[in-house]
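> Construct the entire structure; sequences and hints are all you get.
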Amino acid sequence: MQIAQIPRSTFYYHLKALRSPGKYDEVKCRIKEIYDEYQGRYGYRRIALALRREGGALNHKVVQRLMNVLRLKAAIRVKRYSSWRGEHGRAADNILQRNFKASRPNEKWVTDVTEFAVNGRKLYLSPIIDLFNNEVISYSISERPTMPMIDEMLIKAFARMDPNSKPVLHSDQGWQYRHRWYQYQLRDFGVTQSMSRKGNCLDNACAECFFGTLKSECFYLGKFKDIDELKDAIEDYIRYYNTRRISLKFNGLSPVEYRLKFYPLRI
1 MQIAQIPRST FYYHLKALRS PGKYDEVKCR IKEIYDEYQG RYGYRRIALA LRREGGALNH
61 KVVQRLMNVL RLKAAIRVKR YSSWRGEHGR AADNILQRNF KASRPNEKWV TDVTEFAVNG
121 RKLYLSPIID LFNNEVISYS ISERPTMPMI DEMLIKAFAR MDPNSKPVLH SDQGWQYRHR
181 WYQYQLRDFG VTQSMSRKGN CLDNACAECF FGTLKSECFY LGKFKDIDEL KDAIEDYIRY
241 YNTRRISLKF NGLSPVEYRL KFYPLRI
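Just so you know, the sequence shown maps onto residues 1 to 267 in full-length UniProt numbering.
Hints should not be assumed to be uniformly reliable.
[Unchecked claim] Pairs of lysine-lysine residues, derived as PhoX-like cross-links and limited to a Cα-Cα distance of at most 25 angstroms, are as follows:
1. K32 / K61
2. K249 / K261
3. K61 / K28
4. K156 / K101
5. K156 / K261
6. K225 / K122
7. K166 / K101
8. K261 / K101
9. K156 / K166
Because the hints were derived from the structure by calculation, they are not lab data.
Encoded structure:
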């Protein structure tokens, strides 16, 4: 009760109410509706925030218990793809140093590549995430993890920069990011390159977190007949993630809502 920061009397009131037939029937129906609306992607904390946005004031612990009663569980995550192919090209210093906080848009970006497989065929996603609001500001999707895929992602990201933007772009030590052409493009647009230490995925934890969320809330929940269907689903999910998905970090706002709250004139 102390950890949840709720009064003892409130805790026991809700505990008793949970056992009372009909007490939370309407709330349980709405919880189930929200859970279904977001295709099982929301856990109890996000559903509690969604209820709060609708004017409800239910503690997240109560929502958790009601979800247990309803046997509703948020999706879970699995393993990562690695683009490591040996020490080819020059590795950059770790400028970011796990400092994932940014005070404004286009200050700190992170990127990585992840892999999907459907019926024996593979699909690769390469996004750039702005650490100011965890928004996916650019991405490319391809059947092969090639440099043209990375080029497409960079061109889209560079288009969002204003004359004063000098972002740090952090990645792991995958072969794409050690490529001379990649490093040349960053220098040409005034972007500072940063790389994780070899074999240390925590140095790029924000990109890893996004991939885990994407796969648990989109890929593992769906049944895709082919990679074209999967590609459409990934694009739909990224739009949802940027504009509609509730963020616990931003007190219930989506990444775009959070950015517009402080920078309403930015694209």
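> Confirm or reject each hint.
To see whether the hints hold, each was checked on the structure:
no., hint, verdict
1, K32 / K61, "holds, 16 angstroms"
2, K249 / K261, "holds, 14 angstroms"
3, K61 / K28, "holds, 14 angstroms"
4, K156 / K101, "holds, 23 angstroms"
5, K156 / K261, "holds, 23 angstroms"
6, K225 / K122, "holds, 13 angstroms"
7, K166 / K101, "holds, 16 angstroms"
8, K261 / K101, "holds, 17 angstroms"
9, K156 / K166, "holds, 16 angstroms"
Violated hints are absent here; each numbered hint is respected by the structure.
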